[in-house]
Every structure is written in structure tokens, then in C-alpha cells.
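Protein sequences, first through last, are from chains A and B. For the first sequence, the numbering used here begins at 1 and goes up steadily by one. For the second sequence, the numbering used here begins at 1 and goes up steadily by one.
Please keep in mind that the hints were generated in silico from the structure rather than gathered at the bench. Built from N, CA and C at the ideal position, the CB exists for glycine as well. Don't take each hint at face value.
As the list claims (entries may be wrong) - Straight-line Cα separation of at most 20 Å, SDA-like style, residue types lysine to any residue; simulated pairs:
| id | chain 1 | residue 1 | chain 2 | residue 2 |
| --- | --- | --- | --- | --- |
| 1 | A | Lys239 | A | Leu39 |
| 2 | A | Lys45 | B | Ala242 |
| 3 | A | Lys45 | B | Leu149 |
| 4 | A | Lys239 | B | Val127 |
| 5 | A | Lys139 | B | Ala115 |
| 6 | A | Lys139 | B | Val127 |
| 7 | A | Lys139 | B | Gly51 |
| 8 | A | Lys45 | B | Ala115 |
What the hints assert, rightly or not - Chain B is nowhere near these chain A residues, computed Cβ spacing over 12 Å in every case:
| id | residue |
| --- | --- |
| 9 | Glu44 |
| 10 | Val50 |
| 11 | Leu154 |
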Amino acid sequence: MTQSPTLSRRTVITGATTGAGLLLSGCDRLAQSPSVMGLLNSGEKLTYRVQRSISDRAALAPEFGAGQMSAHFRTNGNTMPSSSDYAQHLSENFVNWKLVIDGLVAAPLQLSLADLQAAPKRTQITSHNCVEGWTAIGKWTGVPLGTLLKSAQLRPQARYLVFHCADNFGATPYYESIDLIDGFHPQTILAWGLNDAMLPVGNGAPLRLRVERQLGYKQAKYVMRIEAVDSLAHIGQGKGGYWEDHIDYEWYAGI
Amino acid sequence: MNASTELKGGDLVARHRLSTRLWHWLNAFTIFTMIGSGLMIFNAHPHLYWGNYGTNYWAPGTIFYDRPWLEITNSGPHGTLRIGTVMINTTGVLGVSRFEAFPGWMTLPGSYSLAIARRWHLFFAWVLVLPWAIYMLWSLLNRHLSGDLAPTKAELAPRHILHDIVEHARLRFPTGAAALHHNILQKISYLAVLLLFIPTMILSGLSLSPGMTAAWPWLLWLFQGRASARSVHFICMSLIVAFIVVHLVMVVLAGPFNEIRSMITGKFRLPRERDPKTPLTQEPVQ
Chain A
1 MTQSPTLSRR
11 TVITGATTGA
21 GLLLSGCDRL
31 AQSPSVMGLL
41 NSGEKLTYRV
51 QRSISDRAAL
61 APEFGAGQMS
71 AHFRTNGNTM
81 PSSSDYAQHL
91 SENFVNWKLV
101 IDGLVAAPLQ
111 LSLADLQAAP
121 KRTQITSHNC
131 VEGWTAIGKW
141 TGVPLGTLLK
151 SAQLRPQARY
161 LVFHCADNFG
171 ATPYYESIDL
181 IDGFHPQTIL
191 AWGLNDAMLP
201 VGNGAPLRLR
211 VERQLGYKQA
221 KYVMRIEAVD
231 SLAHIGQGKG
241 GYWEDHIDYE
251 WYAGI
Chain B
1 MNASTELKGG
11 DLVARHRLST
21 RLWHWLNAFT
31 IFTMIGSGLM
41 IFNAHPHLYW
51 GNYGTNYWAP
61 GTIFYDRPWL
71 EITNSGPHGT
81 LRIGTVMINT
91 TGVLGVSRFE
101 AFPGWMTLPG
111 SYSLAIARRW
121 HLFFAWVLVL
131 PWAIYMLWSL
141 LNRHLSGDLA
151 PTKAELAPRH
161 ILHDIVEHAR
171 LRFPTGAAAL
181 HHNILQKISY
191 LAVLLLFIPT
201 MILSGLSLSP
211 GMTAAWPWLL
221 WLFQGRASAR
231 SVHFICMSLI
241 VAFIVVHLVM
251 VVLAGPFNEI
261 RSMITGKFRL
271 PRERDPKTPL
281 TQEPVQ
């Protein structure tokens with residue numbers, strides 16, 4: 001019991017530093033091993049299930065007052081689709097552009113921007129919650145997706161809605177998907193207006209999805225086509241969205 | 001309590017309960033995965049704001065700018081930490097490159113991946129939260145909270161707290177039977193971690209989730225906005241880091257062998273009473 005405290009201090013500090021170093025470099029190797037990723041993914045499934053079970057699936061995302069809006073709604077990701085088709089539509093002010101709703105529907109739809117603007121609309125001031133951590137509050141105006149789905153008459157097998165977009169990452173067009181509970185949620189709209197003006201190109205003109213209880217990457221911009229499907233297995237690489245397939249962001253994107 | 005009055009320095013006594021020891025070592029690991037993955041998540045947007053929103057975005061020629069109160073920026077080889085109006089040159093440490101506000105040796109994983117960091121963070125969040133909830137419930141039932149950690153009225157007297165601070169500053173720690181119980185500074189810091197920092201971390205973390213703020217809108221009211229909640233989350237993490245640093249320093253100063261043993265086996269050897277004439281530097285720690 002008369003050991004030198006100096007020695008034991010040094011031992012402990014050296015030990016702790018070495019241990020921390022090993023732990024950190026070990027973590028990286030561990031992080032890439034399939035069994036660890038499998039374990040971490042199980043936590044992800046738990047988070048998903050618990051969140052869905054404790055939250056009312058009809059709960060509304062918080063809405064804000066006009067005085068609480070971001071002075072400017074920033075753009076992010078793709079801000080100008082590169083296809084010649086899109087350039088053509090943009091130069092014509094989208095007068096010949098049509099939204100297609102097809103897949104597992106009894107009555108496929110083709111709707112012009114004028115049709116969408118003439119339909120019953122909803123305006124909501126909501127928070128855009130980016131997975132990276134930034135937040136912007138904007139005022140969105142658009143058509144509730146549920147009313148369009150009712151007109152298109154979803155078939156009983158339909159379980160998901162896939163949004164096919166005009167913008168690309170490399171050669172891959174952007175795509176996203178949601179389930180029918182979010183599809184028929186009253187705040188889920190196809191927005192053609194932002195902050196009392198037409199939706200700017202940088203924010204997804206002519207039409208973007210707002211699915212307010214999920215993260216930013218779910219808010220697909222430049223929506224061209226909505227496809228009702230029974231499974232996401234054949235969409236992209238099977239995880240339901242571009243970022244989900246390419247860098248493993250979560251599909252349900254609730255947290 | 002009566003038994004402890006007969007104890008003296010040098011006695012080997014039972015100090016930490018099994019539940020405390022299990023919880024301690026589980027979290028000694030978990031907290032580093034949470035901090036490492038959290039710093040990587042911060043790297044995705046190394047700016048903090050107050051209020052409902054903040055994007056660090058401004059277009060050239062416009063005046064729109066959600067000014068962060070804290071940010072780590074990078075420009076070529078130069079890294080800068082700005083807090084309010086204070087600029088700190090952190091070249092080589094913070095802001096090493098665009099996605100390395102915090103450098104790779106601090107983050108989990110070590111190179112930029114927001115998706116993988118989120119997997120670690122949200123997995124170990126469960127490992128942090130569920131055992132914490134069980135431990136708190138258990139500590140209520142076995143009177144760890146009320147008996148071992150709750151300060152007495154006498155201990156909360158400013159004079160007593162001041163005395164303990166002075167004694168700690170002079171590195172004169174309790175000896176003999178007095179070392180069996182937590183002193184007031186320990187009680188305050190452990191209670192702060194258990195009942196203030198961890199709950200604040202959980203609630204501010206949940207406030208970042210659009211699914212959770214739809215389900216529990218009071219979260220945004222509590223923190224006055226998602227951007228504020230992210231700031232609170234970061235500040236609370238910093239307080240936990242400060243706690244860990246002080247905690248480790250105190251373990252080393254108080255005699256690491258005895259302290260670490262007491263957290264593994266539960267057995268603690270009470271420090272011997274000081275001979276007032278013996279200079280502090282020659283005093284055996286154990």
C-alpha cells in the first residue's frame with residue numbers, strides 16, 4: 001500500500017491513452033465489419049418500431065406563424081436538373097409538363113401544372129429538418145397528395161408510393177418513397193408554391209413532395225411521376241430511395 | 001451509519017453497489033461511442049444557432065444570413081472556432097478540412113460518414129437510455145438516490161460547500177470514515193449527470209427528430225426550437241466531457257488503484273487520517 005502514486009498515475013495515464021487510441025482505431029475497423037453493422041442496424045429497426053408505436057400516425061407536424069419563417073429558404077442538393085427535357089419544360093414555364101400517377105392504380109392520371117393549381121390546395125408553414133442538422137422554415141402551398149390518390153383509385157395491393165424525379169446524381173435519377181399512411185396524411189402535399197410565390201427551380205420546380213414528419217432528403221424535388229407499388233424491392237437497390245440505397249440513410253427518416 | 005463511525009483509515013470497506021458498478025462501466029464505454037458519433041454528426045453541419053431555424057446559408061449579394069453563435073470553419077489549411085465574436089485559431093486541431101470540424105481521431109467513424117455515425121449514435125442511445133432508466137428506478141427503490149446521493153441540509157450550507165471546494169483545491173480529500181460517503185461536490189456532480197445532463201441530452205436529441213416533434217410537440221416548446229435544441233444538445237455534451245475530465249483527474253489524484261478497484265470489486269480502502277505535521281507530498285495516497 002506504499003506504492004508510489006507518481007508511478008501509478010503515469011501508468012494509468014499511459015494506459016488510458018493507449019487504450020483510447022486502440023479503441024478508436026479499433027472502432028473504425030469494427031464499424032466496417034458486417035456483424036457490427038448488423039448489430040447497429042438492429043438498433044435502427046428498434047428506433048423505427050418504437051417511434052411508430054409511441055407516435056400517433058395521424059399526428060401533425062408543428063406549424064409556425066408567418067413571423068417565424070426563415071428570411072430565405074435555402075437550396076440544397078441538386079438545384080438545376082441537367083436533362084434537356086427539363087430544360088425544355090423550364091423554358092416553356094412548365095405549360096406542357098405533366099405529372100404522371102400510375103402503377104397500382106385503377107385510373108392513371110396525367111395532370112398539368114394548371115390542373116394542380118386549380119385543385120383544392122393546402123398552405124402550411126413548416127420546418128424543413130435536414131439530416132445534416134440545419135433547419136429552415138418555409139410556407140408551402142400545394143395539393144394534398146391524398147386527394148390525388150383517391151382520384152387515381154389505388155388498387156388494394158398498393159403499399160408504397162415512389163416519387164421519380166427529374167434531377168440526377170451522376171447517371172441516377174433521384175427517387176424516394178413513402179408508405180400510404182404518410183401518403184394520405186393531411187400535411188403530405190405536392191407543393192407548387194413556396195413563400196407565396198411559384199416554387200423556384202432551386203427548391204424543386206415545378207413540384208416537390210412535402211412529407212412533414214420526415215427528414216429533408218425525403219422531400220423529393222422535381223417530381224415527375226408517382227408510382228404506386230406493392231414492394232420497394234424492385235425500386236433502385238431495394239431500400240426505397242436514392243440516399244437510402246447509396247449511403248444507407250434510413251428509409252423512414254423519422255429521427 | 002452507526003457502523004461507519006467505528007471505521008478508520010486503512011479499513012477495506014464495501015463502497016459501490018453492483019448496480020452502480022455495472023452502470024458505470026457500461027457507460028464508460030457507451031459515452032465515448034455517443035460523443036465520437038455525435039461529433040461526426042456535428043461535422044455534417046458545424047454551425048449552431050438559437051431559435052427555430054438556422055441554415056448558415058447566404059447567397060452572394062443578399063443579406064439573408066442565419067448567423068450561428070458557434071461554428072468551426074475551414075479555409076485551406078486554416079481552422080477557426082468562432083464562439084459569438086471570439087475567433088480562435090484552431091489550425092491543425094479543429095476545422096482541419098471541410099468535413100473535419102472535429103478531426104478523425106475524435107470521431108466515430110474516423111472518416112466522414114453521416115449515415116454510419118447516425119447508426120452508432122442511435123444504437124448506443126438505446127444502450128445509454130434504457131439502462132439509465134432501469135438504474136434510476138433501481139436507485140430509487142434501493143435508496144441509492146435518497147440515501148447516498150441526496151445532499152443533506154447541512155451539506156448544502158454555503159459555508160460547507162465552500163469548505164469542500166477549498167479542501168479539494170488544496171487536494172486534501174476526505175480520509176477515514178468520512179471517505180466512505182460521497183462529499184457534497186461529488187453528490188452535486190453525480191446528481192447533475194444523472195438527473196440533469198442525461199435527461200437533457202435525451203430530450204434535446206429527440207427534439208431534432210421531425211417524427212418525434214410531431215408526436216410530442218412540447219419538445220419544441222421546451223427547447224424553443226429545433227436549432228436551439230441542437231445547441232443545447234452540444235452544450236450538454238460539453239458539460240459531460242468536462243465532468244469526465246474532472247472525474248478522471250480526481251480518480252488519479254485520489255489514488256487510481258483504490259478508486260478503480262472500488263468501482264470493479266466494490267471494495268474501497270479508506271484513506272488514512274492525515275498527520276497534520278506530515279507534508280502533503282509525502283502522504284501515502286492509499
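Tested hints:
no., hint, in the structure
1, A:Lys239 <-> A:Leu39, "holds (18 Å)"
2, A:Lys45 <-> B:Ala242, "violated (33 Å)"
3, A:Lys45 <-> B:Leu149, "violated (36 Å)"
4, A:Lys239 <-> B:Val127, "violated (26 Å)"
5, A:Lys139 <-> B:Ala115, "violated (29 Å)"
6, A:Lys139 <-> B:Val127, "violated (38 Å)"
7, A:Lys139 <-> B:Gly51, "holds (17 Å)"
8, A:Lys45 <-> B:Ala115, "holds (15 Å)"
9, Glu44, "violated (6 Å)"
10, Val50, "violated (9 Å)"
11, Leu154, "holds (24 Å)"
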